[in-house]
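For reference, the chains in residue letters:
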Amino acid sequence: MKLFQQTGRRGRRRLGVTLVAALAVAGWTGGTATARVQRPASTADRSKTLIATLPQEPASWNYWEVGANALRVPTFYNVQETLVEDKPDGSIVPMLAESWTISDDGLTYTFKIRTAKFHDGSDLDSADVVYSMKKNAESPLSKLSAPHQNVASVTAVDARTVQIVLKQPSASFLKELGNSAGYVVPDKFLEEHDAKKEMIGTGPYVFSDYKPDTSLTLKRFDGYWGTKPFFETIDWRFVDDETAALNGLLAGEYDFVTSVLAEGIERVATFSKDTKFKVLFESAGEVSYLWLNTTKKEFQDQRVRQAIAHAINRDEAIAVYDGYADPTCLMVVPYAEPYNSDYCPYTYDPEKSKALLKEAGYENLEIDYPFANVASHPFTMEVLTQQLGAVGIKVKSRSQELTTWLDKTWAQGDYGMSEIRDSANILQYGCKGGREPLGKSHPLCVKEFEDKLAVADSNTDPQKYQAAMSDLVKTFADLAWVTVISAPKVPQIMRANLDGIQEVRINNAVDVRSAHWTG
Amino acid sequence: MIRHTLRSLATLLFAALIGSIVVFVLVHMLGGDVVTVLLGREAAPKDVQFMRQKLGIDRPLVVQYLHWLRGVATGDLGTSYGMGYDIFHEIVRRMGPTLILTLGGLLISIPLSLVLGTYSAINAKKVRGGIVDVVAQVGISIPAFWAGLLLVLVFGVRLGWLPTGGYVPFSDDPLGSIRSMILPVMALSLGVTAVFTRYVRTAMIDVMNEDFIRSAMARGRTRRGAALVHGVRNASIPLVTVAALQFGQLIAGAVVIENVFVLPGIGRLIVTATLGREVIVVQSLALVIMLIVLVLNFLVDIAYGFLDPRIRDKEAANA
Amino acid sequence: MLELDDLRVHIGGHEIVHIEHLSLEPGSRLGLVGESGSGKTMTAKAVAGLLPDEARVSGSVRFNGRELLAMNDRQMSEVRGRKIGFVFQDPARSLNPMMRVGRQVSEAIRVHSELPRAAVARKVVALLEQVQLPDPPTLMRRYPHQLSGGQQQRVMIAAAIAADPEFLIADEPTTALDVTVQEEILRLLISLSEQRGMGVLFVSHDLGVIRFVCDRVAVIYGGAVVETGRTEDVIAAPRHRYTAALLAANPGMPRDDNFRAFIGQRLHTIPGSVPPVGTFPSGCRFRNRCVAASEACTAMPGVLDAGDGHRYSCWNPVEGL
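Protein chains in written order, with our numbering: chain A, 3 to 521; chain B, 2 to 320; chain C, 18 to 338.
Worth flagging that the hints you see were computed from the coordinates, not collected in a lab.
Treat the hints with caution; some may be incorrect.
As the list claims (entries may be wrong) - For lysine-lysine, the following DSBU-like pairs were computed, each having C-alpha atoms within a straight-line distance of at most 35 Å: (1) A:K278 with A:K50; (2) A:K89 with B:K47; (3) A:K177 with B:K47; (4) A:K119 with B:K55; (5) C:K100 with B:K126; (6) A:K398 with B:K47; (7) A:K169 with B:K47; (8) A:K298 with A:K119.
As the list claims (entries may be wrong) - Covered stretches of chain A (chain B as the covering partner; in silico rule of three or more C-beta atoms under 8 Å from a C-beta of chain B): (9) 189 to 199; (10) 408 to 419.
For every residue, glycine included, the Cβ atom is placed at its ideal position computed from N, Cα and C.
The shape of chain A in the complex, shown without the other chains (with noise of 0.2 Å):
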């Protein structure tokens, strides 16, 4: 079956490129990419409609197991809305909870609901915080769950408030609740309702049609408690093809075309250069790097790990988006958190990756490499196995697709090293309650690095914290288990008029709640 070719559907992905290509230098797609007809229906017909493509589609919109960017991208905030809000600039602002204390000791914290309504009508009160905060910590999510491991208790005080105590002070505790730990649902939703087909939140859209495969309905929710959004109806539709989604843009019958992640990215500078289109680049919440197997035995050598660290030129490797990403050598997700910085430990030197594998003994090092055959993913396995091979390290790399990938190499472990863009927080990494990678099944179990993490969120003062976590993935970047290579930037583009988009992603969602039409 052709299906299971995926290199050859990668292939005919290029092709499809290099046409579009040729065609757009022959004036086809028009030199500023425009399309000759402009149709009326744009502006007029359906100014309180936004056409959205998502490239990607969730299995089920059952928020508590599904753990897909897919589902958060045209949902979070826009539908399901958590105790606070996370904003772009990294401030926690009220959202659910109207106001909150902390007791000094950094572990009461005290929420202040407020008055809203959920889209089924019912009224928002503490019994469903209560009930949310519960089912969040059970959730076999590690996004939703692992924040809640550090809840003592949580309990209704009254109807409007709620108090949740934690066993230790966590600087971050309070971020995640704006994020996929702070979800709030009615009472007893996930055993009342069909999760999998309906969404019920407290946001200013209401999830109201969804054709699989086809598109995701929002219609403006009436009883919103905050301000009304612009638009009556998001229409989120699902075009995994970058090429279509980018040419129904031309054609004028999308909107916004959310993220280009692959063969569409070669397209991006000449939709730059249209007046017609805007293209507002997505400033990184993922991270690209390499990882390695912590339980092979040449790596346990720091000088292997330093050599492999040495061979990558990051500025050669982010042509692979066609520039659109930062090198960067720290795990820092978001990419604008304040502790980051411009800390390199190992910087390209391919002279002394071959003197370090020398050195080491490590002269013919071969890595086995099994790279997800999606998005940038093997573009970016052309770059290093060529960066990699120039010091004399060979790579075999294995294509895989997707969910082969994550079942084989990221949860199976089978694997010398491999790449992704992630956008888990350093805190995540640590040997115990880690994740995969260098968690589970090939834990990265280093003193100094463990002795940081554990004290790094207990930092009540910001300034403490700050200062904690720049050691931190410093340190991490200093041990050259996993080598950072850039921050990619997302390319979404849209019509020019269409103004309010965020850069900045929280939690993965394309927030249109202050989505409009501009002039």
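Assemble chains B and C onto chain A, guided by the hints.
For chains B and C alone, kept in the frame of chain A given last:
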């Protein structure tokens, strides 16, 4: 006759079941399961186990397969793991765009290829016949996705006449529905027409050498007239076989076209269900598609009888 | 009046047929006889304009004074069926297996006239009756494979004469049929020819059949007519050595009108065999098989007249019997 039919039906069913087993095994060999897809990177092993148990995919494969099979026997294909949709209804729903696409493709390809193939055969020794042949050869070599892209760029983006993708159900907006299917059907029928044209051409050239064509010309038909009146019908018999055999190819083409044009048909369901490791959806699809193909072959045998009086009489004699 | 002059057919650079002159009067029946490979079928096809694409034709074929070789496919199609009808060797293959008998019989009528449906149907019934087929209304709705070989050939004949042509070209029309059926078909052809005053060009390798059907005969060898004349004259006193050899090889050839006695006199016992195309000797083409070949035979013989239209081309003819 009835016994013969029953026996061939049993064979059909058996073949379809074997096919579903093969698909079941293949999807399992891919690695990863629906829980991997659902939970993504965040899952801890105990949570994976919990979810697997919840969905019943921690049971031995044979048990899972037999469970599904028992459902099939009672006409229930089950529900998908992720979204929990009824698989049978989903397949029926997805049949809409795919049927429009494939049948529309055939509806265009068959007459068009008869015209082109006949023209090419009649003028086989002339330049204009050769041009048709070369064009058909090129048509065969053009991948459907590429044809689709070209059509989108020209008619969707450049000229803005037709939508670049998306599906509008006929019941929502008949005109919009037709408009949304024009380019996909064209893209799919291009390659199919090219293949059919070559078959018709070959068949027509063979038929044109038949004595009865000479007889028709002897009665006053021109070469062209004889070809049209006597040749086309005779040459269309192999086309029926080819069209039926091409159905599998059509579905494969639909997978590609549905992706290029973002149509929620069977083709995309095959892709999304496979990538999403919806094993029972994939094997149900395999069962349904194989049954369709097999039933189609069965129908072709019957169609032969209608088209060719000799076979009709032979079948009558055997009855 | 059908006249052939200097008719040449080339295939693949070889001259297959070269007929100096041959003519067929209205209402008369001319036999074209020769071994297989002699070019007799090609001659018939050349007249009909039904030669294979790779054949090149030159010379003249005139029908009632009109030059057929100058006509294109469309003009020729108006002659075929309407003016000249054709019956071919293998009726099973010459009928379209997927078309009802009636439509094939009526084809020439529909092509050449604008008769209304009902009139066409009546005419088809009449034609089927004329060729002595039983129950025409039923028969016309049947398919060729449902008929016997003899019935199929009768259908072919009905189809050939449907538009009332002045001439009929019959190319080995009975070869594929068994003896009893052959006689019926031949008698049918003779009676149709006489009833309608229709000229027949009858091609056969069977001299017995020719003698049964035709007034005149043209003996063809190596693509050329070597002897022609009234059938009885040629058989009684053959001049060309080839004709003589044909007759000598068939000594039992009876002279009565009993058909059974005529048939089966096949021309396969002449010593040697027809050379492959392109390997005929120069001069008299028969000379390498001829018992009387002489030095003179290396040159092309002229046409000699033995009276009563009995002509032959031979350097050393058989002298009076």
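Exercise. Please write out, lowest number first, the hints stated earlier that are contradicted by the structure.
Key: Number 8 - this is the single hint that the structure violates.
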